Amino acid sequence: VSTRVNYKVAQNNDAFLLRAIAGGEEIALAELYDRYRLILFGLLVRILHSQSEAEDVLQEVFIQVWQRARDFDEARGKPFTWLVTLTRSRAIDRLRALGARERATHEATRNIPEIWSDAVTDAIRAERGRIVRKALLNLPEEQRRALFLAYFEGLSQSEIAARLSTPLGTVKTRVRSGLIKLRELLERQSEDLR
Amino acid sequence: MTQEQVKELLPAYALGILSGAETRQCEELIELNPAIRQDAAIWEDILAELAFAVESQEPPAALRAELLRQIKETPQDSAKQSNVVPLRPRRNLREVPSAPQSAFNYWGLAIAASVAMVALLGALFVIWRKNQSLQNESRELAQQLKLSDQSLQEERALRQSLLGPDGRGAFLQGTPLVPKARANLAYNSKNGQASLSISDLPPAPAGKSYQIWFIKGKQPIPGKTFNTNEQGRADISLQVPDNGLHADTFAVTLEPQHGSTAPTGEKYLGQAAS
Numbered sequence: 001v002s003t004r005v006n007y008k009v010a011q012n013n014d015a016f017l018l019r020a021i022a023g024g025e026e027i028a029l030a031e032l033y034d035r036y037r038l039i040l041f042g043l044l045v046r047i048l049h050s051q052s053e054a055e056d057v058l059q060e061v062f063i064q065v066w067q068r069a070r071d072f073d074e075a076r077g078k079p080f081t082w083l084v085t086l087t088r089s090r091a092i093d094r095l096r097a098l099g100a101r102e103r104a105t106h107e108a109t110r111n112i113p114e115i116w117s118d119a120v121t122d123a124i125r126a127e128r129g130r131i132v133r134k135a136l137l138n139l140p141e142e143q144r145r146a147l148f149l150a151y152f153e154g155l156s157q158s159e160i161a162a163r164l165s166t167p168l169g170t171v172k173t174r175v176r177s178g179l180i181k182l183r184e185l186l187e188r189q190s191e192d193l194r
Numbered sequence: 195m196t197q198e199q200v201k202e203l204l205p206a207y208a209l210g211i212l213s214g215a216e217t218r219q220c221e222e223l224i225e226l227n228p229a230i231r232q233d234a235a236i237w238e239d240i241l242a243e244l245a246f247a248v249e250s251q252e253p254p255a256a257l258r259a260e261l262l263r264q265i266k267e268t269p270q271d272s273a274k275q276s277n278v279v280p281l282r283p284r285r286n287l288r289e290v291p292s293a294p295q296s297a298f299n300y301w302g303l304a305i306a307a308s309v310a311m312v313a314l315l316g317a318l319f320v321i322w323r324k325n326q327s328l329q330n331e332s333r334e335l336a337q338q339l340k341l342s343d344q345s346l347q348e349e350r351a352l353r354q355s356l357l358g359p360d361g362r363g364a365f366l367q368g369t370p371l372v373p374k375a376r377a378n379l380a381y382n383s384k385n386g387q388a389s390l391s392i393s394d395l396p397p398a399p400a401g402k403s404y405q406i407w408f409i410k411g412k413q414p415i416p417g418k419t420f421n422t423n424e425q426g427r428a429d430i431s432l433q434v435p436d437n438g439l440h441a442d443t444f445a446v447t448l449e450p451q452h453g454s455t456a457p458t459g460e461k462y463l464g465q466a467a468s
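Residue numbers (this note's numbering), protein chains in the order written: chain X, 1 to 194; chain W, 195 to 468.
No lab work stands behind these hints, which were simulated from the structure alone. Bear in mind the structure is a predicted one, so any value in this text is a computation, not a measurement. Using N, Cα and C, we set each Cβ at its ideal position, and we do this for glycine too. Be aware that one or more of the hints could be misleading.
Only part of the chain X face toward chain W is listed, based on derived beta-carbon distances under 8 Å [to be verified]:
#1 Glu-26
#2 Gln-59
#3 Arg-145
Bound conformation, chain W alone (with noise of 0.2 Å):
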């Protein structure tokens, strides 16, 4: 099957409806082929939207109530990928070279010493330099799980405080530049703990960056710059300002690389609804 005809299929392989061949066949070439693969989550996303159709219903009260109980008692799925780094296995210390015969005679048995002992010295230097490698390798292997694990501390104390009751959120959308670029915005209205998830925003011109502006009135708050990726994704942490914390509206806008202290280029994203 070419190309083409796999590309013909994806709205019928999106909505499940095809044969157990013709939907190994394309599963075949979304694996292998970036651009069927987004044309093939286009497709999945128009019929996620389908769900909006439907009259909405509230499930019985009750139903969370067990759901949260029944997921204390389910363990996760482990990831898919361990994020454990492997130590490298030590050498086995029976792995000194031994020292050579000895000789009969005073002479021989002599040199044959000192051969060990150097033999011997050498192979300590060497068990000595591995062990401080280790050592070394050690102590940032360490370093790094406490680097892990205090950002770990701190994207919890920040989901926390995002969800918890100073949270608040905007959904910004792509203003006609960028119409498919999506962003949302989080943040605590007490601290100015904030996160920003953005997507579809194409990475910011050379010597250009994004900026994101906490509106109050008619008067523009500077935030953080910042630059999205290939895929026009970006996650980031940001602190609001002070005087940005009870702003109307917010707004990204294109500036120089290091910012602006009020908006000079064009708006990427705006709140659609504030």
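Only chain X is shown next, with the shape it has when bound in the complex (with noise of 0.2 Å):
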């Protein structure tokens, strides 16, 4: 791959600035804000499927950053992952809070976008949702809906099987079925790109 890419300013690093906002730079958290916002806040709307609750919790989320950078341990964890999970983990909260899980679940099986927004310029971002997409698109389908409700709306897996009126046993095998597959999908795909 020889993707054309121009980074501004010591882009991907992003343990750099985790390190830098834990030392109280201001200027490393309007980094990662600026590096994640278009992914996270995508996340929270799937999630939460409000614009002005997205912006609360993203607002959330980057506060939370600011005050536990120094938590965040490298050897642990990738910091992107760090950050989804606080991002996922908050969206989820506030769905519970909010009782909104029966308004969103019919979007939740929802397919994946077809288009694109056309804010998605960076070359990295756009090639990592490409394999991500390609690899869902690749799961069974009735895979892919117990996954999406797992992950999109919080649901547990005795929630998802009253959902899908599917006995609990099967969903705990769609589900790990699913993500074995996904895995072995991402990781062949990542592969064939080198």
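Both chains are sitting in their own frames, so use the hints and assemble them into the complex.
Here it is as structure tokens:
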């Protein structure tokens, strides 16, 4: 792959930025925000189905990053994973507090969007998005549905079983098989790019 | 629950859909077992990637300004572990042994006074030694603090340099030899100050080092040699050579321990995007 990417400032060096944030440097938080605002806000809107709620939670997430940057342990995980986990966790908490699951559930099972926003100009993000979307499209529909209900709505396995009128054991198998296949597909497609 | 059973639960654990009891069992084993911890981290990475499946959206511009305003008023949590070296408590001067009870006769008094004087001198000597030791300790601590402060200042200056308008960066990916390896290079295109952060690159074999190259056209300009730790990580500061400041691309090869003037070993990291 020889996509041309011109990184403005220490692009992708998230750990570096988190260390700077832990040191109290506001410019580093601004840089981290600029780097991930699009993807995290997209994720929040998808989970919460509300622009205003998504704005609130995005702000909460970055304030939490500001407060807890010193807790981040590079040896135990990647900064991006930490950021997404934090975002998803707060979004699902908000969703539960709002009691909005019923309203949102039908959205969770919708297909992966076909058209990307024009805002997706960063080549790496677009490339990673393409890989993930392709992998998801390769999952059997029932596995993808179970996975989406868990990931985007935070439903437990029992709740997914009830929602889909499917035995709990079947849901467990679908989620696990779906994730294992997703992992294989992502690893394979990432290697194909090299 | 066996280790194998917990391993099977890790995907659902990372997804956050296990029951409370199952979650606790996973967490206990993750804390105890590095292999399980690593596997859980991989599942979490996979799930984080799912965020890329969603259509990106631009939040309102005012949100950024509001966030930056808010953090000025938000204190950061204190570190989990303090780096301040605790001073040993000083011994209380009242602990100096008291002189023995004196006798009533002269000789007895004289002997007692001599003993008291010896004891006093001994005690003074102990106190003097202790004082010297504390002063040395204090000097060492001051020196350490000065060094820490210097490195903090240097690190801050480096960050400012890399985050400023002359900051540039590149993302390097592992070659098929080390497909999971990643590196981020950040450098200042004016003064050449740089920071290289590497992950998942196995330590170089004995007698070898990794070396970074700044490549302009077909000309590789040698950079610093380095090695990674057992976890495959390295975070190093380096200086980009003047003729490497306008490099088109970057690479990392395996070289003899003290480096080479031209690449001789295989490429381990290269720039996927240049």
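Evaluated hints:
Taking 8 Å as the C-beta contact cut-off toward chain W, the hint placing Glu-26 of chain X at the interface holds, the least distance being around 6 Å. The beta carbon of Gln-59 of chain X is positioned within 8 Å of a beta carbon in chain W (closest approach about 5 Å), and the interface hint is therefore held. Against a cut-off of 8 Å between C-beta atoms, the interface hint on Arg-145 of chain X is violated, since the closest Cβ of chain W lies about 14 Å away.
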